[in-house]
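> Starting from the given sequences, assemble the full structure and let the hints guide the process.
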Amino acid sequence: MIGFLRRLRPSRGALFAFGIALATGAMLGVSASWGPLPALAFFFPVPLLALMQARPGPRQAFYIGWGAGIGCNAMAFYWLVGLLEAFAGFPTPLALLVALLLFVAQGLLLAFALWMTAACVQRGAVAAYVLPLAVTAMFTLSPSLFPWRPASASLGWLHWAQIGDLGGPPLLDVMLLGAACATYECFRTRSRIALAVAAFCYVAPAAYGLFRLPQIEALRAEAPSIRIGVVQPNIDIVDKHDRRQRPAQLRQLRRLTAEIEDATDLVLWPETAYPFPLRRGATREPAGRAALHADGVTGPLLVGALTIEEGDRCAKWNSAIAYDADGRIVGVSDKVELLAFGETVPLHAYLPPLQDMFACPGVRAGDAAQVLEVADVRVGVLNCYEDVLSEHARGLAAQGPELLVNLTNDAWFGDTREPFLHNLIARQRAIETRRDLVRSVNTGISSHIAATGAIVAQTETWVEATLVSTAAKLDGETVWIRHGDLVTPLCVAWLLAFAWARRLWAVSA
711 MIGFLRRLRP SRGALFAFGI ALATGAMLGV SASWGPLPAL AFFFPVPLLA
761 LMQARPGPRQ AFYIGWGAGI GCNAMAFYWL VGLLEAFAGF PTPLALLVAL
811 LLFVAQGLLL AFALWMTAAC VQRGAVAAYV LPLAVTAMFT LSPSLFPWRP
861 ASASLGWLHW AQIGDLGGPP LLDVMLLGAA CATYECFRTR SRIALAVAAF
911 CYVAPAAYGL FRLPQIEALR AEAPSIRIGV VQPNIDIVDK HDRRQRPAQL
961 RQLRRLTAEI EDATDLVLWP ETAYPFPLRR GATREPAGRA ALHADGVTGP
1011 LLVGALTIEE GDRCAKWNSA IAYDADGRIV GVSDKVELLA FGETVPLHAY
1061 LPPLQDMFAC PGVRAGDAAQ VLEVADVRVG VLNCYEDVLS EHARGLAAQG
1111 PELLVNLTND AWFGDTREPF LHNLIARQRA IETRRDLVRS VNTGISSHIA
1161 ATGAIVAQTE TWVEATLVST AAKLDGETVW IRHGDLVTPL CVAWLLAFAW
1211 ARRLWAVSA
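Numbering (our numbering), first residue to last: 711 to 1219.
No lab work stands behind these hints, which were simulated from the structure alone. Ideal Cβ positions, reconstructed from N, Cα and C, are used throughout, including at glycine. Hints are supplied without guarantee of correctness; some may be wrong.
[What the hints assert, rightly or not] Pairwise CB distance ranges, derived in the manner of DEER restraints:
| # | residue 1 | residue 2 | range |
| --- | --- | --- | --- |
| 1 | R765 | V1189 | 37 to 43 Å |
| 2 | L725 | R937 | 56 to 62 Å |
| 3 | A724 | L1206 | 27 to 33 Å |
| 4 | L851 | A933 | 33 to 39 Å |
Structure (structure tokens):
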């Protein structure tokens, strides 16, 4: 029995490796949530490769990767603890436990990436060439509650990040990680192949950016434009759900809009900013005290609101509604990608216990992403966290909007780094689609992001604010919009082909 327990107890070396991996993952989390800090993201795979030099088996490599994944998620999403305390009513110990379980679950991304790397190394591969492919594939193929990528931090090197319009986040990942891993291999072995790979991963994105960035800036300068106003009411989440405060909140929204309307062609209100539910199928704004066009508001609006079906208390949608200057509804876009547990109860239709606990399954999803025509511009609406979903934004951009707009309420996350991480990831969507992106966020960060990924203007968090900026109206398709993710299938194909080729070689021998 004592011998059995000793075999279960990890060795000091294993604990040391896990600790190094944990710290390495935390460094990657810092690179995005406190960044962009591309140097940290660039250095991230180096300690993992150093640990791989001991040639751990796939199981040991799995735990090393798991440690890195846990550290990464704990640093990037530390704010989940406060979120669970404030809005789920969890006591601190339970909130810590639930958050840890989520960190552990999402940490499996890097666990499986290191497992694949070790398996290929056992078959003769070089870890430095396998790790970037495995990490890229796992980040693309695995589900995540709040998707982000190692290369999100690369926006700190704006010229280098321009390759996003060719291959999206997977291309940025594989190039950033490939540069770091090949550099490590070059210093370790003086390999000319490693030197060539590293040079390509460094130079090719930078050279493309030196060409592409001025080109997009010139296109923006020559394109027609629209003056966009953004209202940031800064309403705390508790106050937002207090029905008694709804009239005052609407007056605040109208006041802020009237202050900037003379300088704008279209004003944006954040996600569910309009404080009263709106009936689906309506053709005009409400009348009387619930009107949007009152207290000096006279122009077109794009407003976040909850829409409901009369007679069915469970039928509700998270919508963006476009109004012309006369108060007529000219378009509605419903949120398609719902947030699990926040807006929808997963498996509600299939598990009777959940139906007993929750009478309604949550918000209903829209049929598809919509492009709305308002104020003489085709607007592609990304509602809430849809601007962190690269494939969703790609599908929307394929419909030919001239401008992307994001309406968000990040008040749920309190005074944390989440709004900064959200805004950083959203910048990638502007590069990938080559559209200006304007974000209206209840408590900030509201921003205007150019089609180059550069910040044109932005607000602070947790302040009442307005933002007025001139956005370019752009069209056309990028390689990413037209063809989507070609990088991940190539990564998977390479890994499978290598494993198959080694197996075939062993059989032939």
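> Each hint should be assessed against the structure and marked as holding or not.
These are the hints, each one checked on the structure:
Between R765 and V1189 the beta carbon distance is about 39 Å. The supplied range of 37 to 43 Å therefore holds. Distance hint check: the CB atoms of L725 and R937 are about 59 Å apart, consistent with the given range 56 to 62 Å. Roughly 30 Å separates the CB atoms of A724 and L1206, a value that falls within the hinted 27 to 33 Å. Taken as a hint, the range 33 to 39 Å holds for the pair L851 and A933, whose Cβ atoms sit roughly 36 Å apart.
In summary, this structure violates none of the numbered hints.
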